[in-house]
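For the sequence shown, numbering that gives the first Met the number 0 gives the first residue as 0, with consecutive numbering after it.
Derived from the structure by calculation, the hints contain no laboratory data.
Please note that a few of the clues may not be correct.
Once the Cα atoms are required to be at most 25 Å apart in a straight line, the calculated SDA-like pairs of lysine to any residue come out as [claimed, not checked]:
| # | residue 1 | residue 2 |
| --- | --- | --- |
| 1 | K130 | N72 |
| 2 | K138 | K45 |
| 3 | K62 | K81 |
| 4 | K58 | A20 |
| 5 | K85 | G107 |
| 6 | K130 | G116 |
| 7 | K62 | G135 |
| 8 | K81 | E64 |
| 9 | K138 | G183 |
| 10 | K61 | N72 |
| 11 | K62 | A17 |
| 12 | K239 | G183 |
| 13 | K138 | A74 |
| 14 | K85 | Q21 |
| 15 | K85 | A143 |
| 16 | K45 | S31 |
| 17 | K81 | S92 |
| 18 | K81 | M96 |
| 19 | K62 | S125 |
| 20 | K85 | G183 |
| 21 | K138 | R249 |
| 22 | K85 | A20 |
| 23 | K138 | S92 |
| 24 | K62 | A94 |
| 25 | K62 | N37 |
| 26 | K62 | A74 |
| 27 | K61 | Y145 |
| 28 | K61 | G116 |
Simulated DEER-style distance windows between Cβ atoms [as the list claims (entries may be wrong)]:
| # | residue 1 | residue 2 | range |
| --- | --- | --- | --- |
| 29 | N37 | K130 | 34 to 42 Å |
| 30 | S187 | A1 | 45 to 53 Å |
| 31 | D181 | S230 | 20 to 28 Å |
Glycine included, each C-beta is placed from N, C-alpha and C at the ideal position.
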Amino acid sequence: MAQSICTYGFIPVRSQPAESAQLETQILFGESYDILENIPGWSRIKCHFDEYEGWIDEKLVKKIEDRDVERWNNASGIIVNKPFVKIIRESDSTAMMISAGSRVVFNGEDRNAVRIGDLEFFWQGSLPEKKAEIEGVAKGFLNAPYLWGGKSFYGIDCSGLVQVVFKTVGINLPRNASQQIDQGDVVSFVEEAGTGDLAFFDDEEGRIIHVGICLGHGRILHASGCVRIDSLDHQGIYNKERRLYSHRLRVIKRVLNE
Numbered sequence: 000m001a002q003s004i005c006t007y008g009f010i011p012v013r014s015q016p017a018e019s020a021q022l023e024t025q026i027l028f029g030e031s032y033d034i035l036e037n038i039p040g041w042s043r044i045k046c047h048f049d050e051y052e053g054w055i056d057e058k059l060v061k062k063i064e065d066r067d068v069e070r071w072n073n074a075s076g077i078i079v080n081k082p083f084v085k086i087i088r089e090s091d092s093t094a095m096m097i098s099a100g101s102r103v104v105f106n107g108e109d110r111n112a113v114r115i116g117d118l119e120f121f122w123q124g125s126l127p128e129k130k131a132e133i134e135g136v137a138k139g140f141l142n143a144p145y146l147w148g149g150k151s152f153y154g155i156d157c158s159g160l161v162q163v164v165f166k167t168v169g170i171n172l173p174r175n176a177s178q179q180i181d182q183g184d185v186v187s188f189v190e191e192a193g194t195g196d197l198a199f200f201d202d203e204e205g206r207i208i209h210v211g212i213c214l215g216h217g218r219i220l221h222a223s224g225c226v227r228i229d230s231l232d233h234q235g236i237y238n239k240e241r242r243l244y245s246h247r248l249r250v251i252k253r254v255l256n257e
């Protein structure tokens, strides 16, 4: 089975092999994947990070030897924890922005060079902080527009936001809110919710439809229209601008270790 690594800011992953098909998720720069099937114009892939499957444009698939993929995955890398940073592609000197959650492995002792297969990139600007903090990373996404299936500052959904933010602190979560709710321990009272706890919300049928990151003191950061901070109480999320509860609280879970 062939493998590859994302060498773009992100690669859209769709539900079907068509540009008009629903965006399911995105593969971020430096994330690897299996190629399960090829048809004209499209490749069906499985992400190594969260085992999500879908279809990507075959033109975005970089041919990389399996040994290079394994070497990349086994190397000590860093996870970008800023909203986005710039890298320069050596082959044509073009700039590219990569988003928080992207994985970077520097080439030997050169702390500016990143090599994936036969491509080399050069890091621009300061390196990410060695230790990321949930609130700081999450607030870096403020005002990013909501995009179903998105995982970058240019467009992100509620569970993608949670997955990416927690990835930057070394916690790997599933892609969807309905899967993320199975992680961690229940927080009994909303007043006990602290920074980094996850609040989940359901619909009339009891299906989990939304997730956000608690910031403590009755605040929640979540992607709804855009990434924003709203008030949280035992009923749910209260949007002061619209003067209504936008989401009904189901449960709060703690996934961070003390």
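Note to self: Name the hints, by number, that the structure is in violation of.
What the structure shows: 2, 3, 6, 7, 8, 12, 13, 14, 19, 20, 22, 23 and 27
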